[in-house]
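> Let the hints inform the model, and build the full structure from the sequences given.
Protein chains: 2
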Amino acid sequence: MSKRFHNFLQASKDQVDRQLADIAANQATVAVGMGEALDPIIQAYRYVLTNGGKRVRPTLVYAAARAVGHNGQGTGLDHVACALEMIHTYSLIHDDLPAMDDDDVRRGRPSCHKAFDEATAILTGDALQAQAFELLANAAGFRPIQRVTLIKSLAKAAGLQGMVGGQAMDIKATNTDLSLQQLQSMHAYKTGAIIRAALTMGGIAADASAEQLSALGAYGGHIGLAFQVVDDILDVEGDTQTLGKTQGKDSEANKPTYVSLMGLSGAKKESQRLLQAAIGALGEFANTADPLREMAHYIVSRDC
Amino acid sequence: MSKRFHNFLQASKDQVDRQLADIAANQATVAVGMGEALDPIIQAYRYVLTNGGKRVRPTLVYAAARAVGHNGQGTGLDHVACALEMIHTYSLIHDDLPAMDDDDVRRGRPSCHKAFDEATAILTGDALQAQAFELLANAAGFRPIQRVTLIKSLAKAAGLQGMVGGQAMDIKATNTDLSLQQLQSMHAYKTGAIIRAALTMGGIAADASAEQLSALGAYGGHIGLAFQVVDDILDVEGDTQTLGKTQGKDSEANKPTYVSLMGLSGAKKESQRLLQAAIGALGEFANTADPLREMAHYIVSRDC
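Read top to bottom, the protein sequences are chains A and X. Residue numbering for the first sequence follows my numbering, beginning at 1 and increasing consecutively. Residue numbering for the second sequence follows my numbering, beginning at 1 and increasing consecutively.
Everything labelled a hint here was simulated from the structure, so no lab data went into it. Here the structure is a predicted model, which means the values were calculated and not measured. The reader is advised that the hints may include incorrect statements.
Repeated chains share a single entry, so a pair holds when one copy, or any two copies, can fit it.
[As the list claims (entries may be wrong)] Distance condition first, Cα-Cα at most 20 angstroms in a straight line; then the derived EDC-like pairs of lysine to aspartate or glutamate: (1) Lys54 to Asp14; (2) Lys156 to Asp22; (3) Lys172 to Asp117; (4) Lys172 to Asp39; (5) Lys269 to Asp290.
And the structure:
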């Protein structure tokens with residue numbers, strides 16, 4: 001990892017962490033004015049938004065905007081980045097619920113329904129989704145049509161034709177045999193749609209051309225799958241402490257994984273193939289896309 | 001009820017029912033193309049969108065638009081009406097979950113998690129929320145800035161500073177003593193925010209002036225509270241079959257209600273006071289607001 005990319009990653013994460021902490025603090029202030037103590041939901045809001053996540057999706061927003069020539073600065077762009085992370089965060093909260101994946105640990109801490117209770121976890125997720133769209137509708141420095149386009153992109157990626165549909169497929173796939181193609185399709189919806197949206201939304205924020213948006217989307221498709229392949233590898237090879245979630249959870253739940261379908265070395269080869277395809281999709285971009293290029297390497301070589 | 005208003009109610013409900021059935025059918029078509037059978041979530045989507053609800057919020061959208069001079073026609077306005085109903089529908093699904101109000105019956109049928117399962121109910125609610133914002137972002141015939149304003153209104157009303165915050169207050173209020181003011185505050189968020197949003201969004205769709213939006217919002221505040229007061233009265237006086245939900249549920253759960261705080265006759269007087277306040281708020285509107293005036297009477301005099 002170059003020093004420059006290391007700094008970019010750190011700066012992106014710091015920026016998003018700061019904004020998300022501000023958003024949680026603002027909600028706490030508003031809640032006081034609502035005339036009712038809104039605990040525990042306000043505490044849960046802060047808990048899930050200040051959890052030390054890697055902030056991959058916001059970082060992709062900044063990197064995509066830079067690839068198209070945006071300087072990466074501005075509250076509006078920060079809010080686009082935060083909206084993506086808030087949708088991702090809500091999906092983790094709901095996925096961890098006992099009725100879904102029933103996971104007690106998330107990012108090394110008790111998951112939201114364990115730290116609070118199920119009702120609070122459901123409502124916190126619901127509120128995060130609403131606020132993600134509110135942030136985009138208010139995003140400073142963007143024309144109304146840009147904001148509308150950003151909202152369309154996120155709503156489609158988050159809904160039945162994206163993340164939610166993928167999660168429904170995933171739940172149904174437990175204890176069943178999926179082909180590799182079915183597994184890829186499931187992940188393309190479950191995690192891929194939001195990752196692609198992060199890239200195209202960064203592009204939209206920077207007034208990308210249709211060709212540039214298409215290239216960013218293709219890159220996103222490849223790294224989205226790569227991300228999942230690596231997740232499955234880490235689920236076998238990693239340990240619970242480094243991962244911050246229960247290791248071996250997927251194989252234990254008898255869920256199909258890339259490793260179970262391709263073997264460990266097949267999955268590693270696949271992650272390399274996807275890395276090269278992602279780099280290839282960025283062909284038309286100059287060195288403004290170097291953060292995206294390094295990001296692809298980072299996603300494939302990460303150990304947590 | 002005038003013949004004219006009866007026809008307006010019926011036409012509004014038919015229009016929304018048709019659009020929501022189309023939306024569910026379109027999702028089913030898309031799901032087939034996703035290469036995976038998305039049952040049961042697609043079935044659940046249809047189940048909750050074609051459930052014979054009264055469609056109060058969509059009707060308020062049409063009535064508010066008419067009050068400002070809109071002819072009440074157009075796919076864009078239909079989609080605004082549907083977005084409101086989809087947010088309301090998702091909130092009922094999540095509120096009925098065992099971890100929340102734990103209600104097995106909704107609109108005379110098994111609630112979503114009983115007809116399907118909890119995971120499907122959570123995901124169906126999540127997908128409905130995302131699609132509500134997608135509908136607004138795509139609403140035909142509106143300028144981008146109108147769509148952005150519609151989305152801001154709905155997102156704020158649906159989130160922590162609105163419906164979700166109110167539901168959090170409601171859960172916390174079970175088995176506690178609330179003052180009348182606290183009860184009103186809770187309902188103003190839990191159900192009032194979306195009802196007010198329906199009215200202001202109908203106004204925004206019809207290019208209402210700031211004064212008109214303010215009057216529509218004030219009217220909405222009064223009928224929103226009236227709606228809840230009448231709900232509490234019906235919870236005591238109605239029977240389960242007419243109501244389509246478990247009668248006596250709130251008092252059984254030891255939740256504070258208008259009836260428990262004001263007595264039955266006090267609650268009835270309060271509903272009349274709110275009715276008059278709602279009519280008063282419409283002072284500046286001509287007879288284009290007659291559907292809103294009749295709507296206020298209808299809400300207060302309904303028996304289910």
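> Hints first: check each against the structure and report whether it holds.
How the hints compare with the structure:
In this assembly of identical chains, Lys54 and Asp14 lie within 20 angstroms of each other by CA distance solely inside one copy; the values are 10 angstroms within and 48 angstroms between copies. With identical chains, the CA atoms of Lys156 and Asp22 are at most 20 angstroms apart between copies only, with a shortest distance of 17 angstroms across copies and 27 angstroms within one. Taking the shortest alpha-carbon separations for Lys172 and Asp117, only the inter-copy value of 12 angstroms comes in at or below 20 angstroms, while the best intra-copy value is 25 angstroms. For the homomeric pair Lys172 and Asp39, the shortest alpha-carbon distance between copies (9 angstroms) is at most 20 angstroms, but the shortest distance inside one copy (35 angstroms) is not.
Neither within a single protomer nor between protomers do Lys269 and Asp290 lie at most 20 angstroms apart by alpha-carbon distance, with minima of 23 angstroms and 69 angstroms respectively.
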